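Asks: Sequence:
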Amino acid sequence: MNAAEDLAVIEEQEKALRFTAFDADTAWKLGGILRSKLVERGAGGTVEIELAGQVLFACTTAGATPGQADWIRRKRNTVKRFARSSYAIGRILERDGETLLGRHGLELKDYAAHGGGFPIHVVGVGFVGSLIVSGLPQRDDHGLAVSALAEVLGIAVPELG
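Residue 830 in this note's numbering is what sits at position 37 of the sequence shown, and the numbering runs on without skipping anything.
These aren't lab readings, by the way, just hints derived from the structure by calculation. Keep in mind that this is a model prediction, so the values were computed, not measured. Some hints could be false.
Straight-line C-alpha distance at most 25 Å; calculated DSS-like pairs for lysine-lysine [said to hold, decoys possible]:
1. Lys808 <-> Lys873
2. Lys822 <-> Lys808
3. Lys902 <-> Lys873
4. Lys902 <-> Lys822
Computed beta-carbon distance windows for the label pairs [unchecked claim]:
5. Gly919 <-> Gly890: 17 to 25 Å
6. Ala862 <-> Glu833: 20 to 28 Å
7. Leu946 <-> Ala876: 13 to 21 Å
8. Ile948 <-> Ala801: 15 to 23 Å
9. Gln847 <-> Asn795: 33 to 41 Å
10. Lys822 <-> Phe920: 17 to 25 Å
11. Arg834 <-> Lys873: 25 to 33 Å
12. Ala949 <-> Val916: 32 to 40 Å
13. Gly917 <-> Gly835: 17 to 25 Å
Where a beta carbon is used, it is the ideal one built from N, C-alpha and C, also for glycine.
Generate coordinates for the entire structure from the input sequences, incorporating the hints supplied.
Replies: Have a look at this one:
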């Protein structure tokens, strides 16, 4: 898929993957699903879920590297800045031949437009937090986040091809 095709799917995902409520119990369930999916793949990864600036879930799996914590921070900053998935931002920039620094003045040391960061939205409230995963190729990080969110919400969403 090209960037425009990906963005159409990601936009559908972002519209569908919204909660009616989100709390620590929801974060724990979501984080457990993400951890299990990483373990099933034998992937060393890191997961963080935050709500209103408070980390509600964080874990690593065997094989995770210290650098993943910085990827988590940078992806989280991107999600918080745009209230969009970090992969959507990356695909928009790729489509337009731009960079975070060139378009938005955002330094790469603090922001990452790579897959794995996804906004947590509550219907009637808006953007409230983020789910971040790091450890797989960026498209797979995004897909893992989407599949876990869909599982918790009990819905089907389109997947990237």
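Asks: Now tell me if each hint is right for this structure.
Replies: Against the structure, the hints:
no., hint, verdict
1, Lys808 <-> Lys873, "17 Å, holds"
2, Lys822 <-> Lys808, "21 Å, holds"
3, Lys902 <-> Lys873, "16 Å, holds"
4, Lys902 <-> Lys822, "31 Å, violated"
5, Gly919 <-> Gly890: 17 to 25 Å, "30 Å, violated"
6, Ala862 <-> Glu833: 20 to 28 Å, "22 Å, holds"
7, Leu946 <-> Ala876: 13 to 21 Å, "18 Å, holds"
8, Ile948 <-> Ala801: 15 to 23 Å, "18 Å, holds"
9, Gln847 <-> Asn795: 33 to 41 Å, "38 Å, holds"
10, Lys822 <-> Phe920: 17 to 25 Å, "20 Å, holds"
11, Arg834 <-> Lys873: 25 to 33 Å, "27 Å, holds"
12, Ala949 <-> Val916: 32 to 40 Å, "18 Å, violated"
13, Gly917 <-> Gly835: 17 to 25 Å, "40 Å, violated"
Going through the hint list in order, the structure does not satisfy hints 4, 5, 12, 13.
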